[in-house]
Amino acid sequence: MKKVSVIGAGHVGATTTYYIAEKNIADIVMLDVLEGVPQAKGLDFSQAAPLRRYGVHIHGTNDYADIADSDVVVLTAGVPRKPGMDRMDLLKINTEIVKGAAHKIAEYAPNSTLIVVSNPLDIMCMVALDASGFALKRVLGMAGILDSTRFRYFVAEKMGVAVTDVHAMVLGGHGDSMVPLPRFTTVAGIPITELLNKDEIHELVDRTRKGGAEIVGYLKTGSAFYAPAASVAEMVEAVLTNEKRIVPAAAYLRGEYGYEALYLGVPIVIGKNGVERIIELELTSEERSVLDRSAQAVKEGMEALRSFYTMAFK
Amino acid sequence: MKKVSIVGSGNVGVNSAFFIAEMGAGHVTLVDVKEGIAPGKALDLMEAAPIRSYRTRIEGSDEIAAIEGSDVVVLAAGRIREPGQDRLEHFEDNASTVREICRKVVKYARDACVIVATEPVDAMVMVTAEATGFDRHKVMGIGGILDSTRMAHFIAARLGVSPRDVTALVVGSHTNQMVPLPYYSRVNGIQIDQLLSPEAVQVIVNETREAGTVIVELSKQANAYYAPSSAIAQVAEAICIDTKKVMPLSVVLDGEYGMSDVALSVPCKVGAGGIEEIISITLRGEDLQDFEASAEPIRQLF
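As they're listed, the protein sequences go chains A and B. The number in the working numbering is simply the position in the first sequence, starting from 1, with 314 added. The number in the working numbering is simply the position in the second sequence, starting from 1, with 70 added.
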């Protein structure tokens, strides 16, 4: 049986564990620094197994030694932004958390593929890459698949069609500057540009960009975790089964799309080695300029990171 | 739970029941004229139910009256082609079989939607619509959806990617003149011409056209039935669970795409009411001529 470790047993980590368990493809270790929490959730999941029919073992722990020999590690640890906290404070706190976790992951699960979920995503991918010392293709971030599933849901709801009919590509950084691509968003293969008018598409794109914020707006003190966890589980499954799906994810770019030395959401082929291949789409000049803006936002984040963090990575 | 009756318990009928049970889409009644076949297959499937955890009940009967009160009737009866034969070969025989079944459908299940799998499928959709007198939106054929799933397979295989992310669209008649549409064939939204050379796309188009024939030739005696059954189950689920799934299905056209009085596959939104919307897409350049030309072998049968 393959093994997946999920670092962070909060809502995202626990729900990710749940979706992976339902796929019945790997034993799961859920790790958190909070004592008792991962143990409790691990037991609770295990006790649902007879009804839900998953045969995998789920183990909650505070001890990094338990993640030994994981095939995939999902890094969800980090704090959300609290009222009064500025972006720089958040960046510093989560950089410390991600760096510490990445060191441990490199120590105990040196052959794993690392999927980063912590925010700010594109920057935390860089920290995880740097601190783990893993190969480029083995560190990737979950973002585009989440933005795409939100876009897919909004399109399906608007058109009154099955959600499974809708496919979408959302590129760029995971934030307000993400780049939903209506030309590559389809209903049973038909681009939505043939099915909806410009205003309708604009409305759906805008809602997708603000998809995370819309949920925070309702919850006040929390953020989304079902769609994020479902997105992570799809990526984990693709790595474990070497499924070679084409999905948008944050990958380290070395000249692809004209960008160097940063993480950005692009279509990748995901398989047992993590990022098997980066797919370069031909973009229109308009799509190109939106992607440039998004990359610029990530570059600014990288500058902020470098102001207090010295990278070992060359 | 809705009731799906499948008339014809050969490989296509039985595997459709199997897929529907796995999906939990509806209760299934299998019927066949050959005594014992339908009850035997139904019993075998139900004996797998405890292991496979079906919530679906599957019954089998030698009597067509068992279709009474069905929400969906699948026509999976009729003669199938053998190596060297064309799909159009058994038109006369199958048309009379279908007409006979339609009389019973009108008698026992007049509110049902009818899914037509009997070949030649577009012609049988026309025969069924006429013989039942049902609204054309309640009679749909497994044509484009089958050709599309085959094309999606060929795309995934050539790219070496998971078939889950691939959507393909094939319209027109379910004959050698079917119209695969590469522009509307995508991998998670990405046009395949961004991922494959024009030559590779052409190979996929040719593979799609020949797919059914290749299987008949390989297996010597049997038609393809897994992919056709999966298509039937998908449509049955869309009706039973009202999923509003968009699929290319053969339907009698009435002005759509500039065509009338012929059944061809076009993208349809399917829900509890059958075909709830026929979706118009732009057919570019030769595709429109090819679409019109694909109707010819069907028109010639009548």
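Calculated directly from the structure, the hints in this document are not laboratory data. Values in this document were obtained by computation on a predicted structure and should not be read as measured data. Worth double-checking, as some hints may not be accurate.
[Said to hold, decoys possible] Heads up, simulated DSBU-like pairs for lysine-lysine below, C-alpha to C-alpha not over 35 Å straight-line:
id: 1; chain 1: B; residue 1: 314; chain 2: A; residue 2: 337
id: 2; chain 1: A; residue 1: 472; chain 2: B; residue 2: 73
id: 3; chain 1: B; residue 1: 104; chain 2: A; residue 2: 337
id: 4; chain 1: A; residue 1: 413; chain 2: A; residue 2: 316
id: 5; chain 1: B; residue 1: 72; chain 2: A; residue 2: 512
id: 6; chain 1: A; residue 1: 558; chain 2: B; residue 2: 104
Quick rundown of the hints versus the structure:
Taken as a hint, the residue 314/B and residue 337/A pair is honoured in the structure, with Cα atoms around 26 Å apart against an allowance of 35 Å. Our distance criterion of 35 Å between C-alpha atoms is met by residue 472/A and residue 73/B, whose separation comes to about 30 Å. Of the supplied pair hints, the one linking residue 104/B and residue 337/A is violated, its CA atoms being roughly 41 Å apart against a limit of 35 Å. Restraint check for residue 413/A and residue 316/A: satisfied, since their Cα atoms lie roughly 25 Å apart, inside the 35 Å limit.
With a C-alpha separation of about 39 Å, the suggested pair residue 72/B and residue 512/A falls outside the 35 Å cut-off, and the hint is violated. In summary, the hint linking residue 558/A to residue 104/B is not supported, as the alpha carbons are separated by about 45 Å, beyond the 35 Å threshold.
The structure fails hints 3, 5 and 6 (numbered hints given earlier, in ascending order).
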